[in-house]
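Residue numbers (my numbering), protein chains in the order written: chain A, 1 to 440; chain B, 1001 to 1440; chain C, 2001 to 2440.
Quick caveat, the hints were computed from the structure, so don't treat them as lab data. Check each hint, because a few of them may be wrong.
[What the hints assert, rightly or not] DSSO-like mimics (lysine-lysine), calculated; alpha carbons at most 27 Å apart, straight line: (1) A:Lys405 / B:Lys1296; (2) B:Lys1324 / B:Lys1376; (3) C:Lys2225 / C:Lys2296; (4) B:Lys1232 / B:Lys1293; (5) A:Lys232 / A:Lys296; (6) B:Lys1405 / C:Lys2187; (7) B:Lys1296 / B:Lys1232; (8) B:Lys1106 / B:Lys1187; (9) B:Lys1225 / B:Lys1324; (10) B:Lys1225 / B:Lys1293; (11) B:Lys1106 / B:Lys1376; (12) C:Lys2405 / A:Lys293; (13) B:Lys1376 / B:Lys1225; (14) C:Lys2293 / B:Lys1405; (15) C:Lys2187 / A:Lys296; (16) A:Lys376 / A:Lys106; (17) A:Lys405 / B:Lys1293; (18) C:Lys2376 / C:Lys2187.
Chain residues, written in single-letter form:
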Amino acid sequence: MLKIGMKFLLTGVIALGAGAVFAGEQAAVKVSAEMFTVNNLWMLVATALVFIMHLGFATLEAGLTRSKNTVNILFKNVMIIAIGLLTYALAGFNLMYNGDNWVFGKFFGFGGFGLSCPDGAAGLIGYNGGAYTYWTDFIFQGMFAATAATIVSGAVAERVKLDSFLIFSTIYVALVYPIVGSWGWGKGWLDQLNFHDFAGSTFVHSVGGWAALAAVILLGPRTGKYVHGVSKPIWGHNMPLATIGALLLWFGWFGFNGGSVLSADPGAVSYVFVTTSLAAAAGIVAASLTSWKFQKHPDLSMVLNGCLAGLVGVTAGADVLSIKASIIVGAVAGIIVILAVFMFDRLHLDDPVGALSVHLVCGIWGTLAVGIFCDKYSFVSQLIGVLAAGAFCTAGAFAIFLPIKYVMGIRMPVEDEIRGLDICEHGMDSYHGFQIFTTQ
Amino acid sequence: MLKIGMKFLLTGVIALGAGAVFAGEQAAVKVSAEMFTVNNLWMLVATALVFIMHLGFATLEAGLTRSKNTVNILFKNVMIIAIGLLTYALAGFNLMYNGDNWVFGKFFGFGGFGLSCPDGAAGLIGYNGGAYTYWTDFIFQGMFAATAATIVSGAVAERVKLDSFLIFSTIYVALVYPIVGSWGWGKGWLDQLNFHDFAGSTFVHSVGGWAALAAVILLGPRTGKYVHGVSKPIWGHNMPLATIGALLLWFGWFGFNGGSVLSADPGAVSYVFVTTSLAAAAGIVAASLTSWKFQKHPDLSMVLNGCLAGLVGVTAGADVLSIKASIIVGAVAGIIVILAVFMFDRLHLDDPVGALSVHLVCGIWGTLAVGIFCDKYSFVSQLIGVLAAGAFCTAGAFAIFLPIKYVMGIRMPVEDEIRGLDICEHGMDSYHGFQIFTTQ
Amino acid sequence: MLKIGMKFLLTGVIALGAGAVFAGEQAAVKVSAEMFTVNNLWMLVATALVFIMHLGFATLEAGLTRSKNTVNILFKNVMIIAIGLLTYALAGFNLMYNGDNWVFGKFFGFGGFGLSCPDGAAGLIGYNGGAYTYWTDFIFQGMFAATAATIVSGAVAERVKLDSFLIFSTIYVALVYPIVGSWGWGKGWLDQLNFHDFAGSTFVHSVGGWAALAAVILLGPRTGKYVHGVSKPIWGHNMPLATIGALLLWFGWFGFNGGSVLSADPGAVSYVFVTTSLAAAAGIVAASLTSWKFQKHPDLSMVLNGCLAGLVGVTAGADVLSIKASIIVGAVAGIIVILAVFMFDRLHLDDPVGALSVHLVCGIWGTLAVGIFCDKYSFVSQLIGVLAAGAFCTAGAFAIFLPIKYVMGIRMPVEDEIRGLDICEHGMDSYHGFQIFTTQ
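Next comes chain A alone, as it looks inside the complex (with noise of 0.2 Å):
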């Protein structure tokens, strides 16, 4: 998300007479009131697409598992958003953007706790040369904050203490999500290695998804997912709903995706669209023909990972991927999410919805692929990149899930776990008055 396509909007500039000239460091390019305002409003447009990528995230996690854990799952989506929101304003934003005072080497800074707009109330300083204001600026960024650990949601679905997720997720998106994204976006070792993260692919999906791996690991699989090392079928109780739920995080994408331009630059968000759409739909192609083949049945749940996957991978160069690469990362993206989750079956880190393969590995392929297809990146520093993250967030993640799982727990009783989370967590069914077989 640094600077991109600024060329055009440079040569927007119009003298004006009066007013609409932005002062402070980070404004030192003045463009007209009206650049100004377009760029602002699309940044904002943006943030309520990146929004509604939360309800899509609950939505397809709710619809891929089963109906006695749907409240639950629900729960933990909405209290993601109000946590994710609240700690990115008291220090997350200071973290991960912090305006140059770093504490310890370009690894960790901090500006301090709290929004404090430089300009006041107004927030008119007109950030990326003139392209938003301050407020936009918090959030569309705190909207992309909570996305980690809705990803680390999935993954633990049907058997996590529900506290106990939450509390890690509030330390998680309050710490780790934001020094990660530091070292990139908010120019630190990993921008000066020239290593390119365009919307996220390694900044915002492995970051969720190597916490949802150490997550899946320390909380072992779900009661008869695994019986005498036979992998059972646990089936999503709601199709309907995880369809919607992809194509609502499809929708999000372009704010995402063409939020991560940081301008309405017509070029380069327009582009942007292009490419996201296009590997979203040769995941799409992909993964139906790869589950075709290998299941026997198109899989609707696959094709549906297939979509995510292909906007994950595409999500690190969708600025710089040629239309034909993008097309190809895409479609790897839709093969290799289904090898995955095979690849994990196999392994017994039991997923419910396939996180770790749409956000772990996709999110690790997609950043390695700029280093693939475009000549301006180095595969090597992409690679160190994909390697830090990884060290970083997988230590840090076993280091808050640990003291948790020893002080208070972090796995719901196999008894309750069997009669379900919503009735044993919150006290109620999420299908009142439906006969629903007690085996599900």
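Fit chains B and C to the supplied structure of chain A, relying on the hints for placement.
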């Protein structure tokens, strides 16, 4: 929704060689064609976002009630959008914004029937200092109009007669909503008192809430809700649907509050996005803790209502509350919404979805909070606005509902209520083929 | 989707000192960089809105059919988006907009395979007088392309073979849709006749509708639909899902019609928002009254179709119909959609979701209505366009479907149809664990 944040706009004026100078009283300020276009665009995007709130209300209400009444709820909500838009085109718009055609003090005015753009079909008159066209003005406001009736719909769910409800809604939306609105947004007597209701804590949410209160009193509780003075829980049938509703409402609220800036002013719109989102987040966290403490379990439906409570609460002052104040307003709303649910239940005022607690109580709270937290506004003025709206709306609702009650009845026969409104009113069931407990 | 409302844009030209002058034939008009940016932004937001219509179609179709075929419907709809985008990138875009590379009269032309921006990857060429980039042009039009196939999907639901349907869709979207579209929007022979189809009552909805008609004739009705000449009702399984679908479609239609202005022109886009919304509202009210009268109960599915009928009806003339005319067009559409449902049923043309009535009948109505209500356009030209599209699309659909029928079959075996396509085609059920009547 009075002019705010236009300072920046004013500074952005560019003298144009030709054509883009707007005529008419409402367009004393000249802005460039570009600024006009971007302002107008934001208002149209906001219109679409407010529209989607109707889907949010429909799914929230349907999810929180029983499956035997779901078709009825969906039908009502779809009809209300249509009725709202058509009556607003016929009369409401010109009642609310009468163009200084006051008939009775600054309490009632009327600009004539139908839509007639002063500038012909092109509608290019630049309202609000060149911010949007006549048609944008109408369609943005028209989307708001139906909201008040939708709020009533939730409170009377599962027992109201369909035709009676639709007649009530038509009249209430056509007359009461725009008249009260004219007092503030139409530059009537409350505006002259410096009463501040930015996007409608009072003019939309309380206006709906007061009518809901009148309707609940006239209708009485659902059969089986209070047995020998004891309140029996009646569970909602579909929590994913309710969650979709609450999060779509938040999504739409970006347009509801953000669009109420009435321009794309970067500082003002982005600030409103931040206060709105932080209040919603604070409402979620506060409601979850309150519910966890009082109900022993964290209740998802309470948390969804906490989210909406925070949104309703911040709506009156989203433009003027400080960041801290917006968090406090949201958190307090998240607490009082739960207390209000218990209070109404103790009063045997049966409100299936908590509409009174969310829209009436938090609408009042949000309006008063502007007087508490902002020095610029007087608590007394805010209180006068709350009381005046309450008196007029309650009187209006009774005046409409009572004749309907005596002429054609407002309540379904008890045997139809028990069998379900879907079969009795619509001849169909909402989930055909699903086995559903008959006791539900 | 020809140029409209550019008058205002033209007046907004500002001489720029540097850089923002657009080269190329398609950009004879110079606009400021700001105007280019805001126009382009609206087209991208509209693209996202048209995208979400696919979720609307998926949920509407799924909700109005039986739960045993839900996964199949969702699968088809997700695949169609992907196929539509990829084939449009490969060939469709250059068939529809051939850049004056006509091969056969003004009936058929082709601009070559693949996407190739004349201006390189930046795509900055200002199409439509500086309104949007090459990439925006492609992605907006690409989102439209898949719609035609989606319409067919609804009509053939619950009995079509998956692989046959996907092959049909791929060819129809790749060839028939863009060729017919080129006649009007690609400046072909219908454009020269002054045929007016603003956003696609004919070029999208009828094009899908004619293929649906051909498919329904070739497929025959669902097993059990017509027994001894008597039509049996087959109920949809999920009315909340259907309602989500219809309202998401309306939401997306703001982009479908509003984006068809092809710029952010304030007058034109806001006027289209108003006519579109009032027609939908009139369709709802008219359909509810018609249904209430003829079916004795107000039927929710009829009202949802009335909403869509109003939207389809106004689509051809949303830019040129007067406000009153748009309400009449919507209301008439809301009536004839119900009559058409009964007519097709009497003809034993089994259309599970009413796609023929909504998209074909109201698409024709809307196109003719432009000739009836607007003096500028000739009824005869409109009729010629309707008939020509009908002849070509029906012939094209038969020409694609017939070989598929004889080579691989197009209909599921009756025992699989009875068991349900979800289990037989996909090996999974849509609501695992729920008790569902086996007769359904």
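How the hints compare with the structure:
no., hint, verdict
1, A:Lys405 / B:Lys1296, "holds (22 Å)"
2, B:Lys1324 / B:Lys1376, "holds (17 Å)"
3, C:Lys2225 / C:Lys2296, "holds (22 Å)"
4, B:Lys1232 / B:Lys1293, "holds (21 Å)"
5, A:Lys232 / A:Lys296, "holds (18 Å)"
6, B:Lys1405 / C:Lys2187, "violated (60 Å)"
7, B:Lys1296 / B:Lys1232, "holds (18 Å)"
8, B:Lys1106 / B:Lys1187, "holds (8 Å)"
9, B:Lys1225 / B:Lys1324, "violated (40 Å)"
10, B:Lys1225 / B:Lys1293, "holds (25 Å)"
11, B:Lys1106 / B:Lys1376, "holds (23 Å)"
12, C:Lys2405 / A:Lys293, "holds (23 Å)"
13, B:Lys1376 / B:Lys1225, "violated (45 Å)"
14, C:Lys2293 / B:Lys1405, "holds (23 Å)"
15, C:Lys2187 / A:Lys296, "violated (46 Å)"
16, A:Lys376 / A:Lys106, "holds (23 Å)"
17, A:Lys405 / B:Lys1293, "holds (23 Å)"
18, C:Lys2376 / C:Lys2187, "holds (18 Å)"
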